[in-house]
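Heads up: the sequence lines are chains X and A, in that order.
Sequence positions in the first sequence follow the numbering used here and run 1 to 271.
Sequence positions in the second sequence follow the numbering used here and run 1 to 97.
Calculated directly from the structure, the hints in this document are not laboratory data.
Keep in mind it's a predicted model, so treat the numbers as computed, not measured.
Ideal Cβ positions, reconstructed from N, Cα and C, are used throughout, including at glycine.
Watch out, some of these pointers could steer you wrong.
Sample of chain X residues with no beta-carbon within 12 angstroms of chain A, all distances over it, derived [what the hints assert, rightly or not]:
1. E82
2. T165
3. A174
4. R177
5. H184
6. V222
7. T243
If you only want the chain A side, here are some residues facing chain X, beta carbon under 7 angstroms, derived [stated by the list, open to error]:
8. T2
9. T21
10. G51
11. V64
12. F81
Take a look at the letters that make up each chain.
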Amino acid sequence: MTFWILAPLMVLAALGILFVRKAVHAALLLAVVMISLAFLYAVMDAPFLFAVQIIVYTGAILMLFLFVMMLIGVDASDSTVETIRGQRAMATVLGLLFGTVLVVGVSQVTLGTVVGLDEANSGGNVPAIANILFSRYVFAFEATSALLITAVLGAMVLAHRERLTPKATQASLAAQRIRDFGDHGKHPGPLPSPGVYARHNAVDTPALLPDGTAAESSVSRVLAARGTVRSAPALADDIDLVTAQIGDPAKAPDTSGKAGAPANTEEDVTK
Amino acid sequence: MTEYVVLSAILFTIGCVGVLTRRNALVVFMCVELMLNACNLAFVAFAKQHGNLDGQITAFFVMVVAAAEVVIGLAIIMTIFRTRRSASVDDASLLKY
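Given only the sequences and the hints, what does the whole structure look like? Please build it.
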């Protein structure tokens with residue numbers, strides 16, 4: 001029963017990996033496949049593999065994928081340029097052929113009656129696996145320890161980068177700032193923080209200069225590139241909405257005089 | 001148990017096609033993981049079929065090897081990205097010409 005619910009879900013999610021544009025979506029679909037696989041392991045009397053599948057695959061490996069995706073850019077989507085002409089169509093046709101042959105071949109095999117793991121798991125699945133792992137497969141187990149250490153060293157070597165320039169000290173950074181100021185008049189202090197003098201202190205709201213214009217250096221370049229920076233007039237709409245909801249404080253100074261007065265002064269600053 | 005093996009074959013095929021058609025190195029890598037997982041499913045299914053835990057042990061070792069493989073593979077992808085500013089498998093073609 002579990003199988004017939006999970007199997008279509010898994011096939012759909014796996015097909016989705018082929019067709020989604022963004023790598024993040026592919027990773028999430030792969031997570032669906034892996035968690036469904038874990039449940040299939042639980043159905044097939046493999047509680048140890050069920051736990052390992054969730055902890056190692058969805059917990060460690062997929063998180064590693066997402067970390068790397070974050071490092072190399074989430075929106076690095078697939079290019080549609082084919083370097084070999086017709087390669088995509090050929091691969092699809094070959095894949096379909098391979099899949100058909102495999103599925104037809106496998107489904108015609110008669111596997112006989114299922115022996116089941118009740119006898120093998122009689123003392124519990126984990127002790128039974130431990131018994132085999134630490135007796136018959138002990139050398140393979142030792143070899144995996146060597147493999148893991150090699151993998152760790154390899155990852156360290158691959159991720160290591162030699163420092164080509166000397167590390168910038170605080171003194172040299174300060175000298176560089178003053179030099180920039182002297183050469184091209186770049187402001188030596190920190191950038192203005194977003195939302196200053198504006199009606200809103202979120203990071204997507206530019207700070208307002210005393211003359212009412214927006215200070216462009218106060219919002220992150222990333223937000224500006226995405227086009228999610230809010231403009232001062234758009235914020236004024238919000239204010240109108242809020243005043244409509246709570247009743248205009250300026251019209252009722254008796255009840256909310258304290259809230260009304262600063263609002264008026266801010267209005268003057270922005271206009 | 002046949003249906004489990006058929007599902008494993010379907011997942012393996014999808015992984016194969018993904019490796020051949022996708023261009024993003026990370027997605028190609030995910031498809032390799034999908035193929036490994038499909039094999040694991042077949043191993044566990046046959047373990048139940050034969051009433052023998054060796055299949056589950058093999059699936060466990062496949063998982064360990066996959067973990068080590070992912071660590072190294074992602075480090076290689078990172079290194080290529082650092083030098084070529086791209087995660088596309090087509091851009092890593094320095095030895096081509």
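**Q.** Hinted contact V64/A with chain X - closest CB pair below 7 angstroms
**A.** 5 angstroms, holds
Q | Status of V222/X, Cβ more than 12 angstroms from any chain A Cβ | A | At roughly 17 angstroms from the nearest Cβ of chain A, V222/X sits farther out than 12 angstroms, so the non-interface label holds.
Q.
Please verify that the nearest CB of chain A lies beyond 12 angstroms from T243/X's CB.
A. 49 angstroms, holds
**Q.** Hint validity - T21/A Cβ closer than 7 angstroms to any chain X Cβ
**A.** 5 angstroms, holds
Q: Closer than 7 angstroms between Cβ atoms is the bar; does F81/A clear it against chain X? Give me holds or violated.
A: At 5 angstroms from the nearest chain X Cβ, F81/A passes the 7 angstroms test, so the hint holds.
Q. Is the nearest Cβ of chain A still more than 12 angstroms from the Cβ of H184/X?
A. Non-interface label on H184/X holds, nearest chain A Cβ at 28 angstroms vs cutoff 12 angstroms.
Q) Just checking, A174/X versus chain A, shortest CB gap more than 12 angstroms? A) Its Cβ never comes within 12 angstroms of chain A, the nearest being 30 angstroms, so this holds.
Q | Proposed interface contact between T2/A and chain X, which counts if any beta carbon pair is under 7 angstroms | A | OK, holds: T2/A within 7 angstroms of chain X, min 6 angstroms.
Q. When you look at the beta carbon of T165/X, is every beta carbon of chain A farther off than 12 angstroms?
A. Given that every Cβ of chain A is farther than 12 angstroms from that of T165/X, nearest at about 16 angstroms, it holds.
**Q.** Interface hint for G51/A, Cβ within 7 angstroms of any Cβ on chain X
**A.** It holds, given that the least Cβ distance between G51/A and chain X is near 3 angstroms, below 7 angstroms.
(Q) Does E82/X clear chain A by more than 12 angstroms, comparing its Cβ with all Cβ atoms of that chain? (A) Incorrect as stated: the minimum Cβ-Cβ distance to chain A is 9 angstroms, not above 12 angstroms.
Q: Please confirm whether R177/X is truly not at the interface, meaning its C-beta sits more than 12 angstroms away from all C-beta atoms of chain A.
A: 28 angstroms, holds
Going down the numbered hints, you'll see the structure goes against just number 1.
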